[in-house]
Amino acid sequence: MQLGVCYYPEHWPEDRWPIDAREMAETGLSLVRIGEFAWSRIEPEPGRFDWAWLDRAIEVLHAEGLRIILGTPTATPPKWLYNQMPDMAALGRDGKARKFGSRRHYCFSHRGYREQAARITSAMAERYGSHPAIAAWQTDNEYGCHDTVQSFSPAARDAFRLWLAARYTSIDALNQAWGNVFWSMEYRSFDEIDLPNLTVTEANPAHWLAFRRFSSDQVISFNRAQVDILRESSPDRDITHNAMGFYTGYDHHDLAADLDVLGWDSYPLGFLEMFRFSEEDKCRYARQGHPDIAAFHHDLYRGCAKHGRWSVLEQQPGPVNWARHNPAPLRGMVRLWTLEAMAHGAELVSYFRWRQSPKAQEQMHAGLLRPDGEPAPALTEVKEAAANVAELGPLGAGTKHAALVFSYTSEWMTQIQPQGEGCSALWAAFNCYSALRKLGLNVDIVAPDASLDGYGLVVVPCSPIVPDALAKSLENFGGQIVIGPRSGSRDEDFAIPPTLAPGKLETLIGGKVTLSETLRPGVVYQGDDWEVAGWLDRLERPQGGATPELTANDGTVASWRNANVRYCAAWPEGALIDRLIEKAAIDGALPAARLPEGTRRRSCKNYIFEFDYLAAVASIKPQI
Amino acid sequence: MQLGVCYYPEHWPEDRWPIDAREMAETGLSLVRIGEFAWSRIEPEPGRFDWAWLDRAIEVLHAEGLRIILGTPTATPPKWLYNQMPDMAALGRDGKARKFGSRRHYCFSHRGYREQAARITSAMAERYGSHPAIAAWQTDNEYGCHDTVQSFSPAARDAFRLWLAARYTSIDALNQAWGNVFWSMEYRSFDEIDLPNLTVTEANPAHWLAFRRFSSDQVISFNRAQVDILRESSPDRDITHNAMGFYTGYDHHDLAADLDVLGWDSYPLGFLEMFRFSEEDKCRYARQGHPDIAAFHHDLYRGCAKHGRWSVLEQQPGPVNWARHNPAPLRGMVRLWTLEAMAHGAELVSYFRWRQSPKAQEQMHAGLLRPDGEPAPALTEVKEAAANVAELGPLGAGTKHAALVFSYTSEWMTQIQPQGEGCSALWAAFNCYSALRKLGLNVDIVAPDASLDGYGLVVVPCSPIVPDALAKSLENFGGQIVIGPRSGSRDEDFAIPPTLAPGKLETLIGGKVTLSETLRPGVVYQGDDWEVAGWLDRLERPQGGATPELTANDGTVASWRNANVRYCAAWPEGALIDRLIEKAAIDGALPAARLPEGTRRRSCKNYIFEFDYLAAVASIKPQI
Amino acid sequence: MQLGVCYYPEHWPEDRWPIDAREMAETGLSLVRIGEFAWSRIEPEPGRFDWAWLDRAIEVLHAEGLRIILGTPTATPPKWLYNQMPDMAALGRDGKARKFGSRRHYCFSHRGYREQAARITSAMAERYGSHPAIAAWQTDNEYGCHDTVQSFSPAARDAFRLWLAARYTSIDALNQAWGNVFWSMEYRSFDEIDLPNLTVTEANPAHWLAFRRFSSDQVISFNRAQVDILRESSPDRDITHNAMGFYTGYDHHDLAADLDVLGWDSYPLGFLEMFRFSEEDKCRYARQGHPDIAAFHHDLYRGCAKHGRWSVLEQQPGPVNWARHNPAPLRGMVRLWTLEAMAHGAELVSYFRWRQSPKAQEQMHAGLLRPDGEPAPALTEVKEAAANVAELGPLGAGTKHAALVFSYTSEWMTQIQPQGEGCSALWAAFNCYSALRKLGLNVDIVAPDASLDGYGLVVVPCSPIVPDALAKSLENFGGQIVIGPRSGSRDEDFAIPPTLAPGKLETLIGGKVTLSETLRPGVVYQGDDWEVAGWLDRLERPQGGATPELTANDGTVASWRNANVRYCAAWPEGALIDRLIEKAAIDGALPAARLPEGTRRRSCKNYIFEFDYLAAVASIKPQI
Ligand SMILES: [Zn+2]
Ligand SMILES: [Zn+2]
Ligand SMILES: [Zn+2]
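Protein chains in written order, with full-length UniProt numbering: chain Z, 1 to 624; chain E, 1 to 624; chain Y, 1 to 624.
Looking at chain Z on its own, in the form it has when it is part of the complex (with noise of 0.2 Å):
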């Protein structure tokens, strides 16, 4: 694994360069971002490049051997451009213009825009595709970041139409799949359907996934754009982008086949702070992030980067400054989640920012060095981390012990239709994910059309859309499965299958959804030391067909158990999924074990790392 850091030698004076390249090098660093916001300074006016300071802040890092990520600018357009055609602002779902003053100011399916990205892309590729400094591209930064991908915009309902008549041929197919009838909601043609923002209460949940799936390929058509420049110009170096945490704008399967390696920003506190987690959880790791937070998006991109390559493109080091509340990261963490991206396969971990900026709206984010120049506390943290992955040999593959199945198109539909508040795929996936953490086994999260060979337990925590590929992988597996609600019970379309949830499933599971429903905060079936809450799930089952596993002290059935399949009929969350996944685990003879609160571990073929959230002390140990 390398170390690198995102450097913007932009904002400080040049003869300061050498001293940072210099520095950067003896911190242990190797590679270095640059150039993903400095468009304004690339053309300044239209059309006027000046490349010549790009040119020397290249040679510098070179010189002392680190080598460049290269950014593609595209989403941070000048003013001029802007105001070149101000309708290349994305709208927002109340229906107001983005405007220019920050960044991501731009509307994905904007022709325009589409054309000045892939300009601005060609001359860069044209200018530095063969350099030799150059190991790899970054295109745009974090796709989606301040709710960008949905736009509401006149382009945006252009190209859904289009997008539309491409998916379903006739409008009448669309009338049908979407069940139009409804409301007679029944268009005569692709041309009278407009975007599902706005409307007088909640359009058709199929409309708002089409709009979905839509809004994920037009960042996937705007990102192949750029790739397709830049393996042109630029042969043989990588390319990468950087997704965030929790984020599920886009589909990021798709996005990753057209990438060589997977990226992701990672802000442990940032993320505990903003996102759903308790209240004592957010006081008890707010120094160190939730123990899962950082690997469980180390585990979903690997899962999801094309020959499973990735890594961590923005580390944060010290306080941020988007949170709510940002505070500083324990002494050792900075170490920590370097050594945890490494157990997990990262090919770079590259920290965010090289200096903290003393201006604009970043400036209150920590980076290595502070404003003055001097070393920020994270810097020492960064040396030893450095030391540490020298020393280390290669690590091996890790070891195979439970596949947890998402898909991005899952989260969209909870989103669009939770029935109960917080019924989110995305943090069922979570829970899941943690339930086995907890119990010290690998996780890899996967495509549902990934291979299952190879591992003990599969876990399904909630796929409305069960893929023909899922369901065959799902029947052929030897192991344990546990599949959660939700599970099957929709079409393609969001329509209800004819034979109910879990559709495609039924066999396996052993038994019909016939009725579901939703639970408030208080509403509760107690069982041993865990309980039924927030959705509920009836499940008739026929002769030989599932039985009851773990039942509250009412009598309300909370699993379900067909030979080596399990259906969790209640939201999988708390120590309900806890408990039911450790039983699954016990039966694929796993090496689950109940780790103390905040600890983890990640095995590898050479390493076994363990990771004391709670004190910030990680340690590696070799397999005997």
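FYI, nobody ran anything at the bench for these hints, they're computed from the structure. Fair warning: there could be bad hints in the mix.
[Claimed, not checked] The list that follows gives simulated cross-link-like pairs (lysine-lysine, DSS-like), each with its CA atoms no further than 30 Å apart: (1) K96/Z to K96/Y; (2) K96/Y to K99/E; (3) K99/Z to K96/Y; (4) K583/E to K605/E; (5) K99/Z to K99/E.
Please arrange chains E and Y with the ligands on chain Z, whose structure you already have, making use of the hints.
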């Protein structure tokens, strides 16, 4: 009482219709509500009508002896119509168009849409007006659903100006009535008046009240246009409309004056979850609904209906899709709800819907059949209820105990000017209603101009405007009277009367309210087992006027008594209003007795109905 | 000190005026504020003035010996004027016009409205400029009320560009100062700069700060235009304006520089309910207001006022209409508030309003008379207060104990960039103020450039920008100094200084802040009877620099001491800031002693005032 069901033949293959019709008849249903969302199938293209399918559907149902309530489809105009005149959309309070894509995408004031609504109504009335299967017509569907009564469109503004000119005749009269000299809000002509939204701070409450009245009147005249057409082309059929729960967007007394039967849509579980019940009650009654939800509306709408004819046009049969959490009813509740409606005098209970739709917005809304066409749990209970209904002889009239006075204007005024957060006339009425019901009393919820003959007790929970008719009937009333705060505190145009509150009721109450204040949660004055909270009126009373009755430990007077009249000086809620109403009931020698938690009763001439909501059990005994 | 009242003769029949005037005089009032909302009566049609009624009203009041504060009516332009140029409306941050229908419906940058405001001001000034009854003028009313200082209109955008050009001279200077290279936000000309609203994510804090300064300056210049006219046509009259509570939308030091007397509007109960006090305090002081609310503003605005002349232009006399809950003051509070204002040096306390209006937006806002013209409870207390005031001789100057440094820019900066939710410079100042008051100390709230002579203690709660004048006066200050977090952490354009925080104060404080972090509720470090919460600065101090003073049980340093200077490294709130200020007061030998809960004191040369808020008792003793 008849039982019926809501049915959408256009959703299902035609060869299924006869099966459905036969099963409906076997279940004990006799009426089927159809057609109200079928515009795009009735008129698939502008001016081209397709009656054939609807003819056949009606025939199939009729052949099984079922009769039809046929809905005008004006709640769901098709996209081709919307595209002809996109300004038919209502504008929200935020000024944004509320677009096509769900339902109710029209402004009640839009003249073009009014013409279209008349056109489709005429077409249906001419086609089916004298068809023997047609028992009744339903106009549109749930006026106001999704907050659609108020529109802030140019069409509404223009209509509002005409409405104001008609009401006030001269602009000086309007300026004077509203007190527009305050803040220089005086107008020189009706054409200067805008809608009261998007003002810098709140608009004049008189301005809002006029707009609320206008908005209600627009619903009434929109509905009346359909009624006139239907009466002309379809004589001798009942005309009905389905009102909603806890909804006060238009004056239901006014609407009902144009109808033969007032219907409403009863979703006790959804209403419990979405409206202001305590967390404790939301959990305790999650599968039953609070025991007064359905009954309150039965008694309210019976009081609104011309000649007291009313029905339940939609009855919840299982989980719905639109609340935050959507549990299934306890076994027994569908029968209980049916019998509760009967006990209150319903002509019809119609379950919504026959079969759960596998597609579109309501795919998670249960029906009597599951999406796969098999019986859902409710079907058995409906059969039980049908048997019970058939066994019973005529109930006879409901026994007269207490009248509760409610006007829609009161709720509009407390919404416009709560003065203390949460002080709502509607919920004051619900609290008083519940207090009466918990004593086992029958309640008639009546309009301010209703006769009070035959009651032992009258409650006026919160009536800022006291029409002369009400003042007169209270003066002449011989039984016990309970009056709540704000009553008599305003004139017709929201001005404080020259003699202050309670205005026309001063002699009756025996005092003048010289100061009103509102109290935050946590500021309470403790009485025995009750407390003063929310609101507090200070009374100045003449010699021989009211005397304190309930006094808190610190001396704060919670209620006053003047002969047969009690005045509640605090907000009518909790144990305070329970005690006060109990005192009045005892003084009035009503058969009041505290029922156990969750138990309710309804007495008719021939039967006593008892409902145990906690156990989901309804029992019926003959009067002895 | 004089007592006065706000009066609206245009609301009442003319034959009532003499009765009102006589009762005012008998109550002990000598000043009457009128006219500020009367534009539609003064100029009922464009260009047609009706002075007759106002002439008579002034005469009637004058005849009773009352003198007038006459308001320019520019807060309420009439509809005919608004219709002439509807683009005079401000646009909200959401880009929507804030329309006619209440008040303050204008944009400060609209040139057309500025002309109209000058025209009506000139007309009034010419008519009444030398009238003997006119004691003073009030410009407009409550600038900024209903959040009206910031407008996002085209007029504001154009004016902002001119303002920026004047401030920065060259666009390169602006780009450099703001750090616009970050995210390619560089501009090529001032005409490329837009307002900072509706950006995709937050705009550059430097952009926001400039917009806040600009918006404040627009208020100042709008006001100055009126002042210039009034000084010309009405010499020797005081000019005043009424500021609000906890309101920082414009720089009150700047505004006051153009006024003779700075007024403010004191509503302690409404402010308690609507601003950030604990639930406990909101209940405990529901009928009194927190004991520091009024005093804080008295001391703040005295410090803003040129020559220290200030007054209470509106004093709450009973329940108001605009808080979530609106209780009545405890008997005694109206007198107590009056005497508290006197103790702090007010020239005038003017009650709002004489008689409660039965109509329009404020019909639930109490007056000294009820709507029926009878005395409201406050009237008796005003008479008592008038008698008290009359009995007292001159108070003499307030004793100088502590100075508290506050600038409006500080609050703008913490609003723009809180970094931790709830970290506000205004509330830091309030906390420090309260800590001083609870020790019985007098406090002067002063501008950063104020002289610190004569104080024993200076507190700088949170001042990100430290002007040279403040740095200098702190260096020369001989008494005790307490400095709070973020102080000195930014330059004039929101950049972190090259030496990091506390910038110019580094030597004084004896250390450098190398890391700042923010802590969520629940993450605290416990000290004896205090805790570290909200914010935490880590200090690097040189040999001989600051040493830890308050250290939490786990070793976290809460505060540092360097000779006479204390640095509070945590957020200044709760017991921590109380202890720290107490230590400084003791070291400074100030007469500090912990007062009982709810008790406060104010010392002048000749009297000591004591206020028991819990008992609603004010007592005055001569100094001995
Ligand atoms: Zn981001
Ligand atoms: Zn509805
Ligand atoms: Zn105000």
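Each hint, compared with the structure:
1. K96/Z to K96/Y: Between K96/Z and K96/Y the Cα gap is close to 10 Å, so the pair holds against 30 Å.
2. K96/Y to K99/E: 19 Å, holds
3. K99/Z to K96/Y: Holds: K99/Z and K96/Y sit about 15 Å apart, inside 30 Å.
4. K583/E to K605/E: 26 Å, holds
5. K99/Z to K99/E: 24 Å, holds
In the structure shown, no violation is registered for any of the earlier numbered hints.
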